[in-house]
Amino acid sequence: MKLKEHMQGDIDVENEAYDRYTQNIGLLEETFYLKEDSAGEHETEATSSEEMMEIMVSEAKVRLKSDCANAAGFKERIATVLDQKLKKLQERNSAYEDDNSSDQNLDDHTKPVKLNIKQQTVRNAKTNEL
Numbered sequence: 019m020k021l022k023e024h025m026q027g028d029i030d031v032e033n034e035a036y037d038r039y040t041q042n043i044g045l046l047e048e049t050f051y052l053k054e055d056s057a058g059e060h061e062t063e064a065t066s067s068e069e070m071m072e073i074m075v076s077e078a079k080v081r082l083k084s085d086c087a088n089a090a091g092f093k094e095r096i097a098t099v100l101d102q103k104l105k106k107l108q109e110r111n112s113a114y115e116d117d118n119s120s121d122q123n124l125d126d127h128t129k130p131v132k133l134n135i136k137q138q139t140v141r142n143a144k145t146n147e148l
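Going by my numbering, the sequence shown wraps up at 148, each residue one higher than the last.
It is worth saying that the hints were derived from the structure and are not from the lab. Mixed in with the good hints, there may be bad ones.
Now the in silico label distances, taken between C-beta atoms and shown as ranges [claimed, not checked]: (1) K93 to N42: 16 to 22 Å; (2) Y39 to N142: 27 to 33 Å; (3) N146 to E109: 24 to 30 Å; (4) V75 to L104: 18 to 24 Å; (5) T145 to L45: 45 to 51 Å; (6) L100 to E34: 31 to 37 Å.
Virtual Cβ for every residue (Gly too), placed ideally from N, Cα, C.
Kindly produce the complete structure, drawing on both the sequences and the hints.
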């Protein structure tokens, strides 16, 4: 029984090592792919703002994947900033509703939409993808 547990432990360690190895290979491929692309683009022509944004996002992903501690901190900072902005937006929407509550009969405008729980979970999922 002990031998079987020991062998299973060795297999688990090998699997973890292989996973780290494949992750490192992927990071290296992304890094060198980005460097090759950016060198070629600078020689040919300037990139558009959309392409620059894609490059910045992919570089951020590489940095996040390379260091798990930094990734967790970065995700927390992004979530905090997004939560603060959402609170401000909700406060503005509620203030807007308070201001326009007496004027509802004058306008046929729709009320501003508040983010529901589903939209907040989608936002959180997108930040986790970073």
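* Asked: Which numbered hints are broken by the structure, listed smallest first?
  -> Hint 5 is the one this structure does not satisfy, whereas the remaining hints hold.
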